[in-house]
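Asker: Each chain is listed here by its residues.
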Amino acid sequence: DQQVKQNSPSLSVQEGRISILNCDYTNSMFDYFLWYKKYPAEGPTFLISISSIKDKNEDGRFTVFLNKSAKHLSLHIVPSQPGDSAVYFCASGAQKLVFGQGTRLTINP
Amino acid sequence: DTGVSQDPRHKITKRGQNVTFRCDPISEHNRLYWYRQTLGQGPEFLTYFQNEAQLEKSRLLSDRFSAERPKGSFSTLEIQRTEQGDSAMYLCASTSHAGGTEAFFGQGTRLTVV
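Chains A and B are the protein sequences, given in the same order. Quick note on the working numbering: the first sequence kicks off at 1 and runs consecutively. Quick note on the working numbering: the second sequence kicks off at 110 and runs consecutively.
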């Protein structure tokens, strides 16, 4: 039962362009969503979050959009930088987090 | 406080041996979580504590796995009679609230069972 899904295992974007990472969820009880970034051999690092009472949250180059009717959220990174190359996980849950499978983002110079 | 700390970072063990991992959460956090991550997957929930009480265990946590948080501070995760399928990254996270806030992760313990 995959409650949080990231259907794109990988994404390659040119430096300076916009990166868009997508995530779908099935549990309508989820009301808080997070994005984590993970480098190899390190633990996930919190990036940005959004509450279900909002449809957009912005923090510098990172913006998360939430479409509750479609049970879909996306993370936009603009402009993309080489240091953004990592695996990105979306997550949600109340007492515990449920993670998607992750999307490996590669920023090409 | 430098964040969530896990020890060891890497562990190689022979099948059938017991291993124990330690996690030191951020000091003011009362919730501590254990997750497991395998290649190509996101972290999967194993168990969590609020203070010293273990409040939930995943069905992923077989009876070979046991976790403790004796004084509501650090936690240990023990795996008995390790199997090759136990090879994974074991992640610890802590948070100060239930939901609505982000969990802070440690760097993980990479377990390899040979």
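In case anyone wonders, no lab produced these hints; they're calculated from the structure. Beta carbons: idealized from backbone N, C-alpha and C, even for Gly. Check before you lean on any hint, since a few could be wrong.
If the Cβ cut is set under 10 Å, some of the chain B residues that face chain A in the computed set are [unchecked claim]:
hint: 1; residue: V113
hint: 2; residue: P117
hint: 3; residue: Q150
hint: 4; residue: G151
hint: 5; residue: T156
hint: 6; residue: E161
hint: 7; residue: A162
hint: 8; residue: F174
hint: 9; residue: P179
hint: 10; residue: Q216
One side of the interface only, derived from the structure: several residues of chain B facing chain A at Cβ under 10 Å [claimed, not checked]:
hint: 11; residue: R124
hint: 12; residue: E137
hint: 13; residue: Q146
hint: 14; residue: F183
hint: 15; residue: E211
hint: 16; residue: R219
Asker: All hints are to be evaluated individually against the structure, with a verdict given for each.
Answerer: Hint-by-hint comparison with the structure:
1. V113: holds (7 Å)
2. P117: violated (13 Å)
3. Q150: It holds, given that the least Cβ distance between Q150 of chain B and chain A is near 6 Å, below 10 Å.
4. G151: holds (3 Å)
5. T156: It holds, given that the least Cβ distance between T156 of chain B and chain A is near 9 Å, below 10 Å.
6. E161: violated (17 Å)
7. A162: violated (13 Å)
8. F174: violated (16 Å)
9. P179: Interface hint status for P179 of chain B: violated (21 Å vs cutoff 10 Å).
10. Q216: At about 5 Å, which falls below the 10 Å cut-off, the nearest Cβ of chain A leaves the hint on Q216 of chain B intact, so it holds.
11. R124: violated (24 Å)
12. E137: This hint is violated: E137 of chain B lies away from chain A, its Cβ roughly 17 Å from the closest one there, beyond 10 Å.
13. Q146: The hint holds - Q146 of chain B has a Cβ within 10 Å of chain A, the shortest such distance being about 8 Å.
14. F183: violated (16 Å)
15. E211: holds (4 Å)
16. R219: Holds - the Cβ of R219 of chain B comes within 10 Å of chain A, reaching about 7 Å at its closest.
Of the numbered hints stated above, those contradicted by the structure are hints 2, 6, 7, 8, 9, 11, 12, 14, listed in ascending order.
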